[in-house]
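If you read the protein sequences in the order shown, they are chains E and W. Residues 46 to 159 in our numbering are what the first sequence spells out, letter by letter. Residues 5 to 118 in our numbering are what the second sequence spells out, letter by letter.
Keep in mind that the hints were calculated from the coordinates and are not lab data. It should be emphasised that the depicted structure is a prediction, and the values quoted were computed from it without experimental measurement. You may find that some hints are simply not true.
[What the hints assert, rightly or not] Computed far set for chain W versus chain E, every beta-carbon distance over 12 angstroms: (1) 16; (2) 50; (3) 104; (4) 106.
[Said to hold, decoys possible] In the EDC-like style, the derived pairs of lysine to aspartate or glutamate whose C-alpha atoms are separated by at most 20 angstroms in a straight line are: (5) W:65 / W:19; (6) W:53 / E:89; (7) W:53 / E:146; (8) E:123 / E:65; (9) E:123 / E:146; (10) E:56 / E:69.
All C-beta atoms in this analysis are idealised placements derived from N, C-alpha and C, irrespective of residue type, glycine included.
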Amino acid sequence: GAGVSQTPSNKVTEKGKYVELRCDPISGHTALYWYRQSLGQGPEFLIYFQGTGAADDSGLPNDRFFAVRPEGSVSTLKIQRTERGDSAVYLCASSVQGAGETQYFGPGTRLLVL
Amino acid sequence: AQSVTQPDIHITVSEGASLELRCNYSYGATPYLFWYVQSPGQGLQLLLKYFSGDTLVQGIKGFEAEFKRSQSSFNLRKPSVHWSDAAEYFCAVGASFGNEKLTFGTGTRLTIIP
């Protein structure tokens, strides 16, 4: 079956602009996660959805970052007033419900803020 | 808070040689432990995971890992590496209850020489 997909694969924007990154999880997966991976680092947790609600948003770095999942499937990560430090690969993962379940990752969106 | 340490940033091994990648974790209870592999331009792929039970876990592509509670370690091993194993390897820890986020190490880059 289809895996996790993310669009766009690459995004170049200018400092101060607004961007949206999209994630399509595996069908039937109720849990969805966003991570950010900076160069030379491991993925860092941003936010976790269980269904439509954000169960844990403790990893969002500041209020410029926001994510939604209105129908419990597709999720959008929104970044306002982008900064050069936001440049990274943004990874999405999904899993069936439950702690410890395998998280299946998408290919990521590479964001470059000029 | 949970954390993961991968002490080796880069490892080089000859094709056909054995491999061991180190991972140490910090978590107050029995954790969920994962090894993921990331090839250039690819998403993270799960190699294996430990939840409970047998401390020696078998994964895909001939990899195995051993959970050692006394050493807080979950080292990844392969008896004979192939050129296609060249990639970045990430160890991750998840909570056995409560939040479901994964905490990743900084990764170990594996280079294979003929």
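Here is what the structure says about each hint:
1. 16: holds, 17 angstroms
2. 50: violated, 6 angstroms
3. 104: Incorrect as stated: the minimum Cβ-Cβ distance to chain E is 5 angstroms, not above 12 angstroms.
4. 106: violated, 6 angstroms
5. W:65 / W:19: holds, 15 angstroms
6. W:53 / E:89: Holds, at about 19 angstroms.
7. W:53 / E:146: Roughly 9 angstroms between the alpha carbons, so the hint for residue 53 of chain W and residue 146 of chain E holds.
8. E:123 / E:65: This hinted pair holds, its Cα atoms lying about 5 angstroms apart.
9. E:123 / E:146: Judged against 20 angstroms, a Cα distance of about 26 angstroms means the pair is violated.
10. E:56 / E:69: holds, 17 angstroms
The earlier numbered hints that this structure contradicts are 2, 3, 4 and 9.
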